[in-house]
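Novice: Whenever a hint applies, use it, and build me the whole structure from the sequences.
Chain by chain, the residues run as shown.
2 protein chains.
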Amino acid sequence: MSAYQQLQQRFKRHGCLEDALAVLHWDTATNMPSGGAEVRSEQSAELEVMQHELLTAPETGDLLAQAAEDGEQLDAWQVSNLREMQRLWRHATAVPADLVDALSRASQRCEMIWREARPASNYAQVQPALQEVLDLTRDKARAKADALGCSLYDSLLDQYEPGGSSAQIDGIFDDLAGFLPDVLPQVLERQAREPAPHQPQGPFPVDRQEALGRRLMKTLGFDFNHGRLDQSLHPFCGGVPDDLRLTTRYDETDFVSSLMGILHETGHALYERGLPVDWRHQPVGQARGMALHESQSLMVEMQACRGDAFLSYLAPLLAETFGGPAEVWQSENLARIYRHVEPGFIRVDADEVTYPAHVILRYRLEKALIEGDMELGELPAAWNAGMKDLLGIEPPEDRLGCLQDIHWYAGEWGYFPTYTLGAMIAAQLFDAARRENPQVETHLAQGDFSPLMGWLRQNVHAWGSFMDTSDLVQRVTGRPLDAEVFKTHLRQRYVET
Amino acid sequence: MSAYQQLQQRFKRHGCLEDALAVLHWDTATNMPSGGAEVRSEQSAELEVMQHELLTAPETGDLLAQAAEDGEQLDAWQVSNLREMQRLWRHATAVPADLVDALSRASQRCEMIWREARPASNYAQVQPALQEVLDLTRDKARAKADALGCSLYDSLLDQYEPGGSSAQIDGIFDDLAGFLPDVLPQVLERQAREPAPHQPQGPFPVDRQEALGRRLMKTLGFDFNHGRLDQSLHPFCGGVPDDLRLTTRYDETDFVSSLMGILHETGHALYERGLPVDWRHQPVGQARGMALHESQSLMVEMQACRGDAFLSYLAPLLAETFGGPAEVWQSENLARIYRHVEPGFIRVDADEVTYPAHVILRYRLEKALIEGDMELGELPAAWNAGMKDLLGIEPPEDRLGCLQDIHWYAGEWGYFPTYTLGAMIAAQLFDAARRENPQVETHLAQGDFSPLMGWLRQNVHAWGSFMDTSDLVQRVTGRPLDAEVFKTHLRQRYVET
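In order, the protein sequences belong to chains S and F.
What the first sequence shows, in the UniProt record's numbering, is residues 1 to 497, in sequence order.
What the second sequence shows, in the UniProt record's numbering, is residues 1 to 497, in sequence order.
Worth double-checking, as some hints may not be accurate.
Given that identical chains are not distinguished, each listed pair holds provided it fits within a single copy or across any two copies.
Said to hold, decoys possible - Only pairs whose alpha carbons sit at most 25 Å apart, straight line, appear in this in silico SDA-like list of lysine to any residue: (1) LYS12 - GLU38; (2) LYS218 - LEU365; (3) LYS12 - SER41; (4) LYS218 - ARG399.
The set of hints was computed from the structure by calculation and includes no laboratory data.
Specialist: In structure tokens:
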């Protein structure tokens, strides 16, 4: 076997361990009794160590060097696969094992303190633990930056968004940050001229919510021969491309969050399902980064399912499912509910227009902290000032400010920008799809997602990790990834209609 | 780290892979959509190969040799753990990889043919494929017999029943085979004198069956913080000691099979739950062979739950659960139903008295086939003659004869005797427990299993694989494993009362 073939074998094993971990993770969230938690942690940790050892074993480095020297005739997919192997290997080998271990422990400790400090709105309580996480994260970033030849922040970003760069993001986010304070008053003014929406009155029985959710999943193209829908505390899309495990949670007083959650996760699932079959368990066959992944969920949830065409399809389904006064289920009324805009303190509750402000703020702050341009002591004030600048509101307490998100406290730095990059990519892809085929949008009014999904599968899903996100966006939409189309989308949906 | 400590680490990894495989297996049977089957096979196969490589890697052999040389001061449990590691290593290294692979493929092929040949009652159709399985199994047995220093058959038996020997089994089974034709007419004669039982009339709603099953699991001592009950086509007890996954299936026309199935699997589960906590993921911490495992399920299902004391507790519960005429739910009537004896062709439908005849027949035939004392062409006739000898009935077709069980066709040779060894051990242990503490039986009338389970946990479960089954039985019951107590039990329950 050639070095490349041996690498394929090693990475297949890595991928099978990843699959097993995905099933264990899903099981933990959906089925595991509480008494199984301790041994489950041990199992998962051991499998993760095995994965890490597979990557960092000297043989892997030797084979990668050998494959590079061999000059074996590889086709374009194999070349990309080898490039992705190298990327994974570089990330895994860059950081010494004791630093990985120390950061993992510090993050767990910090997350536990954060779980108390957040409801108490006590930033000072968690700041020392967060400092430890930040210091170790910067050590990790330094090690990765050396290996990857990039800035500290970009080395962390690359974990979630391969090939991403803060130079690119700065440009896009500055554009968006200039646009939002300008457009938001127009959005709110137009909204104020509309009649107040009729709010649906619950309770909304769980079994009906679930039946509707399943029905819409099928409408979107989810194949229940290759996946399931279950319940968990925190909704997610897990499993593997041939066996996708979606979860949601139900609230009998509010069906919107569960329904939109299911649609969102189905977008993630359809991406995974459409990944190239021939490259299962190989790096090039995996989803290309978190921004593109998020673009697929937002494509479904925001671009398609909050648009007029789909709402006109959804309205009678909701009326049939939940009954009650007819005016509630008119699609114009649903549009007012689903597209309601209101600046608020909490990111996860934010609407499509104000959401990017939350992300831009976090991105700027975490970059400054990682690059050493800011100290943790300055974080609460900087947060509040940023909210004032971007959304015109100031959190009265840190619980509603810099304590709200788990990411930093759990050691996840460099993740935040992918949310808004995803929203912009979704807008850009949806626009390109509609231009190529007007049925992509019009057929949504009949609940027919096949033109949209067919286009996405061919132009996005089937490419796996063959190229970087920016290249894919450029190739598929004919323009570089930027904020223009997203801005147009917001203006059209929230100001001009 | 000493060689022994390094071995502990390797075997911990082996154990964690085993855990992951157990969760995957449970998920396959309970949750997996059909489209996930192919990738699940790949995942499981890869994890199994990793397990096998852990065992057969030269380092493992070197460490075992080193640990033997080291003369490190090990305590008694560590010594037993090392002995079990050696046993696993010997089994894994004895057989060349290409033979393992060939046998696995041949068994899969044969099993597929058998699935068609059985309903068609066409032994000739499957005989060539079975011949291939048998030939390869004999090759495997030869390799293992060389490594273990025992006979061909015993080398296969040792996979399921460590330390078991056909010399011992021959003696016990001959004794039992002499007893059965003598006692069976007495059982049937006594039964004929009894009034015919009132048969409960269904339907028995699934939700009530399930609620009752859960209630009885708790009564037995099953802790739902450390396990679950779900449905699958073939009931089993899976999972891991801290997170046990039981399954059953329900039939609305017959609640007995599901109920007894749940009780049976709960016996298996309580054994796993009681294994020594300090030795999780180490070989010495695992259950000691299939005979002892089966003894724990039969202890619950046969010794305890078909006895008068428990039936007097169960009767009002059944009446409350299913309603209907009172005479059906009297414990004497239940006893007539649950202890009905009738020679039949099918092993899995057999009662407690005739079951051993099915096992003895299979044991004698598989031993002759493995040792080369019989040819596959002779199997159907030998089977039918054996049934005639032992139970006085002759299968009219091979579907009801030598085609009924999956074991041989799937490559599982040497397994059958553990069923009846388990039944005898259960009788012997139950007898010893009652002698030590009469409450073990009397408390069952109040649904109190704690004296029985406390005794089992201390005397059986907590020992894991510390010693061989025969030694454990001798130590705990004060007598060698033999058929005497089981024979007495059958006489007392089926002839003398």
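Novice: It remains to establish, for every hint, whether it holds in the given structure.
Specialist: Verification of the hints:
1. LYS12 - GLU38: between (28 Å within a copy, 15 Å between copies)
2. LYS218 - LEU365: neither (41 Å within a copy, 53 Å between copies)
3. LYS12 - SER41: Result: close both inside a copy and across copies, 23 Å intra and 14 Å inter.
4. LYS218 - ARG399: neither (39 Å within a copy, 43 Å between copies)
Figure legend: structure checked against the earlier numbered hints; hints not met, in rising order: 2 and 4.
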